[in-house]
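Peer 1: Chain by chain, the residues run as shown.
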Amino acid sequence: MTTLGILLVLVLLLVVFGLLFRLQILTSIFSGSSTREVGVSNRVNAILCILFLVIGGAAFAWSFVDNYDKMNPPIASVHGHATERMFWTTMIILGIVFTLTQILLFVYSYKYQHKDGRRAFFFPHNNKIEVIWTVIPAVVMAGLVFAGWKEWTRITGPAPKDAIVVEVMGKQFNWLVRYPGRDQKLGVVNYRLIDATNEFGFDLSDQNGIDDFVAPEIHVPKGHPVLLKIRSRDVLHAVYMPHFRVQMYAVPGMPTKFWFTPTKTTDEMRAQTGNPKFNYELACNQICGRGHFAMKLNIVVDEPDDYVNWFAAQKSFSEQNPDVLASFKQKPSKLVEKEAAAAAVVPTAAKASL
Amino acid sequence: MAANLPTHAQVQGGIGTTEPGISHDEHLHHDEHHDQNFLQKYVFSTDHKVIAKQFLITGILWAIIGGTLSSLFRLQLGWPEATLEWLQPFLGKWIEGGKLNPEFYLALVTMHGTIMVFFVLTAGLSGTFSNFLIPLQIGARDMASGFMNMLSYWFFFLSSVVMFTSLFIETGPAAAGWTIYPPLSALPQAISGSGMGQTLWLVSMALFIVSQLLGGVNYITTVINLRTQGMSMSKLPLTIWAFFLTAVLGLLSFPVLFSAALLLIFDRSFGTSFFLSDIYIAGKALSNTGGSPILFQHLFWFLGHPEVYIVIMPAMGMVSEILATNARKPIFGYRAMIGSLLGISLLSFIVWAHHMFVTGMNPFLGSVFMFLTLIIAVPSAVKTFNWLATLWRGNIRLTTAMLFSIGFVSLFIAGGLTGIVLGNAALDIQMHNTYFVVAHFHLVMGSSAFFGLWAGVYHWFPKMFGRMMDEKLGYIHFWLTFIGVYLVFLPMHYVGIAGFPRRYYAWTGFDTFSQFADLNKFISVAAIVAFIGQFIFIFNFFYSIFRGRRATENPWNSTTLEWTTPVVLGHGNWPGEIPAVHRWPYDYSKPGAAEDFIPQNVPYSQTQSSNLPYEKEME
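Listed in order, the protein sequences are those of chains A and B.
Under numbering that gives the first Met the number 0, read the first sequence as residues 0 to 353, first letter to last.
Under numbering that gives the first Met the number 0, read the second sequence as residues 0 to 618, first letter to last.
These aren't lab readings, by the way, just hints derived from the structure by calculation.
All C-beta atoms, glycine included, are put in the ideal place defined by N, C-alpha and C.
Treat each hint with caution, since some may be false.
Stated by the list, open to error - Here are the computed distance ranges between Cβ atoms for each label pair: (1) A:R21 / B:P574: 31 to 39 Å; (2) A:L9 / B:P574: 18 to 26 Å; (3) A:Q23 / B:S233: 38 to 46 Å; (4) A:I49 / B:W78: 33 to 41 Å; (5) A:G142 / B:S233: 34 to 42 Å; (6) B:L166 / A:L18: 33 to 41 Å; (7) A:L9 / B:A516: 42 to 50 Å; (8) B:P362 / A:I131: 32 to 40 Å; (9) B:Q39 / A:L18: 36 to 44 Å; (10) A:I95 / B:F348: 28 to 36 Å; (11) B:F541 / A:I95: 39 to 47 Å; (12) A:R21 / B:L166: 30 to 38 Å; (13) A:P157 / B:S233: 48 to 56 Å.
As the list claims (entries may be wrong) - Derived lysine-lysine pairs resembling BS3-like cross-links, with alpha carbons at most 30 Å apart: (14) A:K276 / B:K98; (15) A:K221 / A:K314; (16) A:K295 / B:K98; (17) A:K276 / B:K520; (18) A:K69 / B:K98; (19) A:K184 / B:K283; (20) B:K471 / A:K110; (21) B:K520 / A:K69; (22) A:K295 / B:K520; (23) A:K314 / B:K520; (24) A:K228 / B:K283; (25) B:K234 / A:K127; (26) A:K114 / B:K471; (27) A:K149 / A:K160; (28) A:K295 / A:K276; (29) B:K283 / A:K295; (30) A:K263 / A:K314; (31) B:K283 / A:K328; (32) A:K295 / B:K92; (33) B:K283 / A:K256; (34) A:K127 / B:K520.
Given the sequences, and given the hints that come with them, work out the whole structure.
Peer 2: In structure tokens form, the structure reads like this:
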């Protein structure tokens, strides 16, 4: 019944609109405005242009200021501060260009609106002006590119030798974390060895992997470079850590990496934001299926001492899963060797495709 | 003039126009009396004007579908906790317990993107106006090959049917994003949309590419070969330059998408490993090794990036034309405008990998593409300044088409500038795949191209249908849409700067992203209202076809050739001889001239009072 009522109201509204529309046409015919080339509407639209500029500009400025704090989640990495400065510098330059051009656009539209008897100024080109406004953007762009390029090469350059290595592996629909253990070397993994217990596909015939351990969240020490090694075992994912200004795809068959230096511990950040529940979050930022929106991993930044303690308390995967270890002891098998050989081919192939 | 015409007409007849009446002068006057049944005249027509209208109306239907899909996912984003039970009658099993199915959400964004980019803004925009305006503005009786032109539409139609069908199959339409990155798009185990839905998507796109190539070859040939006497390349209206270069871009880049699609079809169906490697999914390790998902992205974006210029360049051309006509001033820097179009076309082929800075691609390549990308900002800036200079000291008539053109410039600036942030690899680390990107391309290519489309429809409607659209409704449509677009996409930047990821069904699981509930609701309301407002345009369009005020031959006092044709256009465009061209297309408000415009077909000998010194020789 309500639905019927709503439909009826809608239909009546449409009828009213239709009648108004006809009425408008008929009045314009009787008043003769339909045959005038440029009528009152021109003036109305010109005024609307100015109103749009003034009211719209004010609303934009207000909403920007109002949301500024929310837009800027706290930053907690060394390069993050640098890119943040560059971002807002760029935005200021863009903001100036935006404001000037929009003002010219709407002010011209208003100021040079049609007037009977006036003629437009015949001004087909002017080489000097055109050269000037080709060169200026080119110079500004060159500056921005150069700054960006310097920062980009620094960020993507090789990680410091003493960087702590952490590996994250994306899968539908969560993240797995692996540490290299005391020997600081990650063992070989092979996707063909993956099963419900061995989610990473540890190949424990590789000695480097014996002390590797997995963790439910990422722990890293403050003030120390961290090298994230990133892989995926099914579809594309992306490691996105907005507080650290870190983003890199997780690509099946092609391990990727990203290094950064955290600057604030989780506790410091909780104090700074006044939010006792604050956590650094890692989100998946490449569409990966049904659970894409829920692929979250927490990152804990510890004081260096706490980190060392945490690290020491971890038990290696092989220790926790003696069955898996045993299975490798029984068969130093051909299968495993063959698979490892096949896996070794992959990076070359992936590189070639670039 | 008369001596040259037969040669010209022979060229047209020779290349394959199926209509004999247009290739010989003696038949010209009988055009409208040919026995054409309804099917030949309106359905399987080889007349470029009818084909243009077919593209336009199909495009409008697709835009309604694409817009509806976006309203659905905006409902989900604006009110993540709300129950959508009332949508059950329409969406059936995609509503589970009052909630939108997350995979269906992904299907919605995928299909919205696909439909808008390809079916509306490529076929609907350039298909409509390249077809309609190229022969009329260069002074030709039809396209080089009318038959191929007809095929181009019917391949598009077939492609549309396949894509439309995919919306209704049980496993749902493609859901791996409009960029269909494998492995997600290759493995039905990964998402149900990658089953039948993705197959239909690929088939549909293959047909679509055929349609684009048939159209593109035709546009290029026509512009090169069929220009009327005196119409040198340096006298072409900017619209034609834009359509011409758009066709070139399409011809060079669409085949690459075709190859990517073909390889993906092989990976999906025939066990190859072009894009697949080391995958363990649904409890099973796949045998594929050695492939690279990144290779697909290179192939995809080699089309994908020129594609955004394929979308925007026709709009740029039409806006240049409409701004000059309604400012009653020559377009400022005609040659610089052509130069910047050429620059954009060339550069658009060597910037594709800026979509891939953080994919694990070699950072050195990232540096190279950052340099190339930021260079492309220069020709775009030149165009913007030239449009502003065109308005300066004009005598501006704010028709609906003019308002949409001004809106285009405004949106192009707003969206284009943020491209400078995204083209900077160091800044893209944070912004990649956030709503900042979504806001950027919806302004610069989505909304701007739509504004170009509307400007074109309002401006050339009198030539298309011999009637005028209602201007008052046009004004309401413009202001509602213009304000609506800004209300939707400006706040989206704020959300994006904070790092809100795109293609998220819900953000409530993340502390970092959940502070924007109010803003998301606001964006959703604005988007849905702006979408509903489009029905004003649709009503105006269809009403005016049948009941609009009758148009005159040249209602906007414009200079280009299409306005020299009669109000009711027959097959062949001009009842008599094709006019010859004597001057450039922008002689508006020339000092000394009797009127404030001199059409291209008026010889200098008739305008002695207004000729510039170097034009005196041509009298």
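Peer 1: All hints are to be evaluated individually against the structure, with a verdict given for each.
Peer 2: Evaluation of the provided hints:
1. A:R21 / B:P574: 31 to 39 Å: Given about 35 Å between the Cβ atoms, the range holds.
2. A:L9 / B:P574: 18 to 26 Å: violated (47 Å)
3. A:Q23 / B:S233: 38 to 46 Å: Since Q23 (chain A) and S233 (chain B) have Cβ atoms about 45 Å apart, the given range 38 to 46 Å holds.
4. A:I49 / B:W78: 33 to 41 Å: holds (36 Å)
5. A:G142 / B:S233: 34 to 42 Å: Given range 34 to 42 Å: holds, Cβ gap about 35 Å.
6. B:L166 / A:L18: 33 to 41 Å: Holds - the Cβ-Cβ distance for L166 (chain B) and L18 (chain A), about 37 Å, lies within 33 to 41 Å.
7. A:L9 / B:A516: 42 to 50 Å: At 30 Å between Cβs, range violated.
8. B:P362 / A:I131: 32 to 40 Å: Since the Cβ atoms of P362 (chain B) and I131 (chain A) sit about 35 Å apart, the hinted range of 32 to 40 Å holds.
9. B:Q39 / A:L18: 36 to 44 Å: Given a distance of about 40 Å, which is inside 36 to 44 Å, the answer is holds.
10. A:I95 / B:F348: 28 to 36 Å: Since the Cβ atoms of I95 (chain A) and F348 (chain B) sit about 31 Å apart, the hinted range of 28 to 36 Å holds.
11. B:F541 / A:I95: 39 to 47 Å: Given range 39 to 47 Å: holds, Cβ gap about 44 Å.
12. A:R21 / B:L166: 30 to 38 Å: Distance hint for R21 (chain A), L166 (chain B) holds at roughly 37 Å.
13. A:P157 / B:S233: 48 to 56 Å: Holds: the Cβ-Cβ distance is about 53 Å, inside 48 to 56 Å.
14. A:K276 / B:K98: With Cα atoms ~28 Å apart, K276 (chain A) and K98 (chain B) stay inside 30 Å; holds.
15. A:K221 / A:K314: holds (23 Å)
16. A:K295 / B:K98: holds (21 Å)
17. A:K276 / B:K520: holds (25 Å)
18. A:K69 / B:K98: Roughly 28 Å between the alpha carbons, so the hint for K69 (chain A) and K98 (chain B) holds.
19. A:K184 / B:K283: Status holds; Cα separation ~28 Å.
20. B:K471 / A:K110: This hinted pair holds, its Cα atoms lying about 22 Å apart.
21. B:K520 / A:K69: Answer holds: K520 (chain B) to K69 (chain A) is near 16 Å, not above 30 Å.
22. A:K295 / B:K520: Given pair K295 (chain A), K520 (chain B) holds - Cα atoms ~24 Å apart, limit 30 Å.
23. A:K314 / B:K520: Since the Cα atoms of K314 (chain A) and K520 (chain B) sit roughly 47 Å apart, the hinted pair is violated (cutoff 30 Å).
24. A:K228 / B:K283: holds (24 Å)
25. B:K234 / A:K127: OK: K234 (chain B) and K127 (chain A) at ~23 Å, within 30 Å.
26. A:K114 / B:K471: With a Cα-Cα distance of about 20 Å, the restraint between K114 (chain A) and K471 (chain B) holds, given a limit of 30 Å.
27. A:K149 / A:K160: Cα-Cα ~21 Å, so holds.
28. A:K295 / A:K276: holds (15 Å)
29. B:K283 / A:K295: Holds - the C-alpha atoms of K295 (chain A) and K283 (chain B) are around 24 Å apart, at most 30 Å.
30. A:K263 / A:K314: Answer holds: K263 (chain A) to K314 (chain A) is near 27 Å, not above 30 Å.
31. B:K283 / A:K328: holds (24 Å)
32. A:K295 / B:K92: holds (28 Å)
33. B:K283 / A:K256: The hint holds at about 26 Å.
34. A:K127 / B:K520: violated (49 Å)
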